[in-house]
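Asks: Spelled out from the first residue to the last, the chains are:
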Amino acid sequence: MSDVIQHSNIRLPEGSIEKQTTTLNLGPTHPATHGVFQNILELDGERIISAEQTVGYIHRAFEKLAERRPLYQITTLTDRLNYCSSPINNMGWHLTCEKLLGVKTPKRVDYLRVIIMELARIADHLICNSIVGVDSGAYTGFLYVMQYRELIYEIYEEVCGSRLTTNMGRIGGFERNFTPLAFEKLEKFLREYPKVLKEFENLFSRNRIFMERLMGAGPISADRALNYGFTGPNLRAAGVDYDVRVHTPYSSYEDFDFEVPVGSTGDCYDRFLVRNQEMWQSLRIIEQAYQKVQAFKGAEAEVFHADVPEYYLPEKKDVYTKMEALIYHFKIVMGEIDIPKGELYFPVEGANGELGFYLISDGGRTPYRLHFRRPCFIYYQAYEELTKGAMLADAIIVMSSLNLIAGELDA
Amino acid sequence: MALTYEHIKQRLVEKFGEQVTGFEEPFGMLTFEAPKELNLKIMQFLFDDAELQFRFLTDLQAVHYPDNTGKELAVVYHLHNLTENIRIRFKVYTDISKPDVYSATALFSGANWMERETYDFFGVNFVGHPNLKRVLNVDEMDYFPMRKEFPLEDQTRIDKDDEMFGRGGSVI
Chain R
1 MSDVIQHSNI RLPEGSIEKQ TTTLNLGPTH PATHGVFQNI LELDGERIIS AEQTVGYIHR
61 AFEKLAERRP LYQITTLTDR LNYCSSPINN MGWHLTCEKL LGVKTPKRVD YLRVIIMELA
121 RIADHLICNS IVGVDSGAYT GFLYVMQYRE LIYEIYEEVC GSRLTTNMGR IGGFERNFTP
181 LAFEKLEKFL REYPKVLKEF ENLFSRNRIF MERLMGAGPI SADRALNYGF TGPNLRAAGV
241 DYDVRVHTPY SSYEDFDFEV PVGSTGDCYD RFLVRNQEMW QSLRIIEQAY QKVQAFKGAE
301 AEVFHADVPE YYLPEKKDVY TKMEALIYHF KIVMGEIDIP KGELYFPVEG ANGELGFYLI
361 SDGGRTPYRL HFRRPCFIYY QAYEELTKGA MLADAIIVMS SLNLIAGELD A
Chain H
1001 MALTYEHIKQ RLVEKFGEQV TGFEEPFGML TFEAPKELNL KIMQFLFDDA ELQFRFLTDL
1061 QAVHYPDNTG KELAVVYHLH NLTENIRIRF KVYTDISKPD VYSATALFSG ANWMERETYD
1121 FFGVNFVGHP NLKRVLNVDE MDYFPMRKEF PLEDQTRIDK DDEMFGRGGS VI
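Those protein sequence lines, which keep their order, are chains R and H.
Counted from 1, the first sequence has number 57 at position 57 by my numbering; the numbering is strictly sequential.
Count along the second sequence starting at 1, add 1000, and that's the number in my numbering.
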């Protein structure tokens, strides 16, 4: 017995120093993290003393890759940033290019883009909010609303042919007009989704278990949130009404009437409510945009891209039959088109916050430097502050309610 | 009173005189340069000044200009005044052999990872950063991949030279 020291009820070998805390690796692959994140948590019992985030597991060097790609090929890279709402990234990139190239898009294109972007926002918020439900033990909501995310994906498919990494649109507009089936599906969505969203809300927002689980978990003050560079729903949940769609409207957002929901405490519950309200506002925007799109008559109702043959790839059948189209096709693909020099920063309101494109063009065919301002990457730093002193189970909720998307985090 | 770029420029020149240079407005955003020693002073001034109030750091990153001898690396800050909704961009240049720039982490908590990312890819050494280590790349990496001396393509390929990307010219 002499080589064993007696300490409370635990017997430790002599000379060993009792470690007071537990180190826990949450991730890199953990079913509750929904993506590849590693968090090294230091726990005292179940309380978190410190959290150290490790990111970069799916870093794909997009910024470097972009330096060797012509502008129109970078769209596929942006797909893979926030893959829950790729169309917003695509449109953001096209808008950046259009600003650089001085392309003015027709109103109908703007409105179609708005429809797609708001659908993407709904899909993204739907994932986030229903995952918050899953992580707090309510699976039903998640399965139920997935049907409608599916419907949104079907609309994407109708518009561009793909579902997740959409690569939608081109510089100047869309690659093809929306088909009648796309509008039919959109109408179906507008008709059925409000009821579903209402039901989803009923399931969660005043659910006592859910509220007690979320309220007070991971709060952040407006001041700290701003200091951390929070944007999007997470910042608005803290009470700051900053929305890029309102502050620097792009793609004719100034034509729409909508509200910017804000929270007050910045905790998980407020983030949930803000996202929910934003879905209602997105629905409002889509309805208005759809009415505006329907109001176009005659030739205007067929416009789906700007008339910029130097940048907009012509239709393939024209390339085979028309000389002009063939010339432009060749010039665009072979990089014979002059790209203006310039330096610009273009922000759009991504589903997670301000998604910015900082583009420096030196007149080459590819960007000299392209930087993505990825909202996730910036607000994930606050994770330690949000979880310090919280229980382990809260760490999971905080993570899902921040809506961390590994693709956007790591670029 | 709405804040204008003209006024911001005037205030900066009043305060820092000749040291802030290169005022331009590419694509409608006020851009200027400053010596790298002044970066914190300028940000603090922009932050504190009752009129300017640039209290939101939107973005921070670097750009490598290999031909710009002595000023190879540019650190670019995007600041935003959310109340007046006005954005500015300012740059400091640093020598690549001694890439020390003061860290903005004391002013903006959000600068922490942005600076780590900039360090990770460009090797800008942020003086005063609490935890300056790589963030996206592996810790063992011993180079800074976004610098221009690391070309993306296989160097033995001759079908993808710079000329095809609209810059330079090579002789085959």
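Bear in mind the hints are in silico, worked out from the structure with no lab data behind them.
Idealized CB from N, CA, C, for every residue including glycine.
Hints are not guaranteed to be accurate.
[Said to hold, decoys possible] Under the rule of at most 35 Å between Cα atoms (straight-line distance), these lysine-lysine pairs were calculated in the DSBU-like manner: (1) R/322 with R/107; (2) H/1015 with R/104; (3) R/388 with H/1009; (4) R/322 with H/1098; (5) H/1009 with R/64; (6) R/322 with R/341; (7) R/317 with R/297; (8) H/1015 with R/316; (9) R/64 with R/99; (10) H/1071 with R/188; (11) R/198 with R/292; (12) R/388 with R/107; (13) H/1041 with R/99; (14) R/341 with H/1009; (15) H/1009 with H/1091; (16) H/1071 with R/99; (17) H/1091 with R/64; (18) R/99 with H/1091; (19) H/1133 with R/64; (20) R/104 with R/388; (21) H/1133 with H/1098; (22) R/198 with R/104; (23) H/1148 with R/341; (24) R/64 with H/1098; (25) R/331 with H/1015; (26) H/1015 with R/99; (27) H/1148 with R/104; (28) H/1133 with R/195; (29) H/1133 with R/388; (30) R/64 with R/195; (31) R/316 with H/1041; (32) R/388 with H/1015.
[What the hints assert, rightly or not] Stretch by stretch, here's where chain R covers chain H in the computed footprint (C-beta under 8 Å, at least three residues): (33) 1016-1023; (34) 1050-1057.
Asks: Hint by hint, work out which the structure violates, then give me just those numbers in ascending order.
Replies: 2, 3, 4, 8, 10, 12, 20, 22, 25, 28, 30, 31, 32, 33
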